[in-house]
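Chains C and Z, in that order, are what the protein sequence lines are. Each step along the first sequence adds one to the number in the numbering used here, with nothing skipped, and position 29 is 29. Each step along the second sequence adds one to the number in the numbering used here, with nothing skipped, and position 94 is 94.
Hint data in this document are derived by calculation from the structure and do not stem from the laboratory. From the three backbone atoms N, C-alpha and C, an ideal C-beta is built for every residue, glycine too. There's no promise every hint is true.
Chain C regions said to be covered by chain Z (calculated; three or more residues, Cβ under 8 Å) [stated by the list, open to error]:
id, stretch
1, 73-84
2, 89-103
Ranges of calculated distance between the beta carbons of each label pair, as one might list FRET restraints [said to hold, decoys possible]:
id, chain 1, residue 1, chain 2, residue 2, range
3, Z, 274, C, 95, 41 to 47 Å
4, C, 56, Z, 109, 31 to 37 Å
5, Z, 268, C, 89, 55 to 61 Å
6, Z, 236, C, 85, 18 to 24 Å
7, C, 25, Z, 291, 31 to 37 Å
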Amino acid sequence: MNSLRIEEHPVLSFERGEKITFFFNGREIDAYPNETIAAALHASGVRKLGESPVLHRPRGLFCAIGNCSSCFMIVDNQPNMRVCVMKVKSGMHVEEQKGKGELELIVEN
Amino acid sequence: MKKSYDIVIIGGGIVGCSVAFELAKRRRTDVLVIEQAYLTSGATGRCGAGIRQQWGSVINATLAFESTGIFENLEEYTGYKGNCGLNQGGYLILAYTEKEWGQFHKNLKVQHSVGIDSYAVEVDGINEIVPHLNTEGLYGATFCAKDGHADPFHCTYAYAGGAQRMGVDIETYTTVTGFVVKNGRIQTVRTNKGDVQANIVINCTGGHAAIMAAMVGDELPIYPERHQILITEPVAHIMNPMVMTFHRHFYVQQTPHGSVIMGIGDQAEPVSLNICSSWQFLEHCSYLITQTLPVFRNLRVVRQWAGLYDMSPDRYPIINHAKEAEGFITIAGLSGHGFMVAPRLANLLANHLTEQQDSLDINLFSAERYSRGELLLEPSVV
Chain C
1 MNSLRIEEHP
11 VLSFERGEKI
21 TFFFNGREID
31 AYPNETIAAA
41 LHASGVRKLG
51 ESPVLHRPRG
61 LFCAIGNCSS
71 CFMIVDNQPN
81 MRVCVMKVKS
91 GMHVEEQKGK
101 GELELIVEN
Chain Z
1 MKKSYDIVII
11 GGGIVGCSVA
21 FELAKRRRTD
31 VLVIEQAYLT
41 SGATGRCGAG
51 IRQQWGSVIN
61 ATLAFESTGI
71 FENLEEYTGY
81 KGNCGLNQGG
91 YLILAYTEKE
101 WGQFHKNLKV
111 QHSVGIDSYA
121 VEVDGINEIV
131 PHLNTEGLYG
141 ATFCAKDGHA
151 DPFHCTYAYA
161 GGAQRMGVDI
171 ETYTTVTGFV
181 VKNGRIQTVR
191 TNKGDVQANI
201 VINCTGGHAA
211 IMAAMVGDEL
221 PIYPERHQIL
231 ITEPVAHIMN
241 PMVMTFHRHF
251 YVQQTPHGSV
261 IMGIGDQAEP
271 VSLNICSSWQ
281 FLEHCSYLIT
291 QTLPVFRNLR
301 VVRQWAGLYD
311 MSPDRYPIIN
321 HAKEAEGFIT
331 IAGLSGHGFM
341 VAPRLANLLA
351 NHLTEQQDSL
361 DINLFSAERY
371 SRGELLLEPS
381 VV
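Here chain Z stands alone, though its shape is the one from the complex (with noise of 0.2 Å):
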């Protein structure tokens, strides 16, 4: 660690790690990311790892599939020699009541309009995609073929190798105490090796994002939310997609391993920054993926764990400079699918900081769109 660089980044996330690598390969490779534990200690590595481009508003739909596009050839994009584990396998969305149903048929539409290629399935041809699922109480699914899961572990470390390699320095077990902001510029990042001087940090720090951005001033609206998920024991090969549903909040995955991964989002859930994990979510979320997925009621269940999302009020990315410190940029608010995103956002905020063109738009993801009340708003979220 240098004491000083031209960038600071401060999460090794999927989010940190990629825009260290956009900006480095822009030339910008005077950049240091901070990180408080290991990469992919935080949201990164406990998330579910989906990548989906079933959203049902142009701005999300255009950042998952373009996303997904890079993550089609992350390894050779980040010359990355192992496998990131990418398997589109579909994502097969449940629509439990009309409501729901008539809101996909609009979704469909929206992802079509992007170039997505996803489809409606009636009740009577799911089980040609999901043979083992019961189809009771459904009204029918969508399904993008193109949808999937990766290893998220591998992503990040793609990105970060990637990144090193063109000599951004990358400093774990390292945290962040303050900042030192001057005539309204931000200066320094105080951390417990020392002050880094710097002309741009950029917070990439998940559901800690706003206690983060609070330290120079920025009053963000984005709160840590607990999610849970467990794995079971690995079995042979059984489904190919993700299987979720909005209306019962669950999302069921089978890895390339064979164990199954689940998780469920609880309305209940506090802000906190707790990420322990409870029996009452083992035994409500086996219990309700097993009534839609019959066939995993006698599968052990070996680990469970649980994660933060960084969840926005629209649930639409913060990407935000602060007002109060120039230079102190946020990116952030990501709601729990940040993963599948992060590779197009990086691009974005990479563009924009080289002062380069960009399809998308930077200032539609300022937080002061919630001063303004101009919500973005997005119908499809688990």
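Isolated chain C (complex conformation) (with noise of 0.2 Å):
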């Protein structure tokens, strides 16, 4: 109930495999692999994924295959990873995004 996952399906099975954790704005945060961050987010109960750049309203999924630019997170200090298609991995940081992609981020490792 308090999951988003589908547990029976008259066609498909799954087979999630162990359990892994990563980290959402510092939290802690179960997910299986091969999921992909926004999928682990959603089943936690996170919708907003970040802030539109100008007037700040929240943002979540909207094309959910990598085209739109709607789910942009700050993946391990990356800007604007598209979650909807990237993996989640165990111990990943992941962070909402306020505004536009920040490139010093990336220069600073």
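Mind assembling these two chains? They're in different frames, but the hints should get you there.
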């Protein structure tokens, strides 16, 4: 009930494997390998992924196929990452992106 | 579109629209601008829209310096309600060879003689202006804080709107198919929407100017050359100036919106009207520019396109009266820097046509200089 993950499906079966964890805004969140970051966040009830650059309105999944740039987040200090098509990894740090990506983040690494 | 006009201008880019505006301001308002598609649909809307005063010759430096002055107040000057997007973040021009560095010092003297506030930057000072620039292989750079870029669409529409309010007609989606010349004078412009009588015809068609002029028998050494350009996704502001190099033939700027626009000049580009994009450009341009600005290496490219430079043999504007057809004037050959000098050239041509004084001699720009062998030489062109 709490999770958006489909547990039973008439046709598909899910072999999710061992649970892993990653960090969203510093908070530890459960995920399964082979899930996208966006899927794992949604399963944990996180739908607001960032803010629009000018009016700072909430932004979430839109196209979900890596085309539209609505789901840009900061992943391990890299801005503008498309979390709808990016796989989650154990220990990853994912943060909300407020506005346009800051390239300086990359330079400092 | 009436059947007859005092002046017919062909081409609805920055040149055609600014000439129309300047003529109307001098009370020559019986003017028609004919545009093949929509305003800015040619080279103007495809250009990098840089405004650079750092030139190597007095003429180009003067044209750019005085044009910049007009760009600085273009909204008020034309009565435009929008924002022409002028962003004076400066131009940083990189010297990658000793010869270039020596030339830049000569250029600075020329620029200072015109009143341009440019200066040399030593290698260790470059990162103060552009923090993320890779200074490897550099001898130095020159910088002018008043250089920058503007929005080519808004600037053109500012001129066009101002001209229309003074009574100029603009006819878009109209193709010029030919001319009638009678007794050595231009008489009629033929279009796909019918004939238009004219006392004067001004050819502002950029890369198509030679084809247009040839229709009245005027052979001009202007040729079209494709130049490609790309734009990235927007990111937070990281670079103020336009960065350019003649040695590596590229320019790159970040727009106020945050996207990065970059282009390179391909030395092997053949003469043609081709305006298709190529993957070779995408690869070459990305490689070259991320060598100098590694900070952009992970940016996604969202779009690329191409437009035509209207090249002249000495990279100087041509303003030419056709001998074969009195009243037919070509203003073209702007060689990739037409946007930044158009405001001043429009003034020059309008002053000439209304018999007013001008500090520049319009005869300097006549195509006769080629037959006399008196080429004007500009050392600093991408």
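Results of checking the hints against the structure:
1. 73-84: The restraint on the stretch 73-84 of chain C holds, since 3 of its residues have a Cβ under 8 Å from chain Z and three suffice.
2. 89-103: Since three or more residues must qualify, the claim that chain Z covers the stretch 89-103 of chain C holds, with 5 doing so at under 8 Å.
3. 274/Z - 95/C: 41 to 47 Å: 45 Å Cβ-Cβ, so the 41 to 47 Å window holds.
4. 56/C - 109/Z: 31 to 37 Å: Distance hint for residue 56/C, residue 109/Z is violated at roughly 50 Å.
5. 268/Z - 89/C: 55 to 61 Å: 45 Å, violated
6. 236/Z - 85/C: 18 to 24 Å: 23 Å, holds
7. 25/C - 291/Z: 31 to 37 Å: Given about 36 Å between the Cβ atoms, the range holds.
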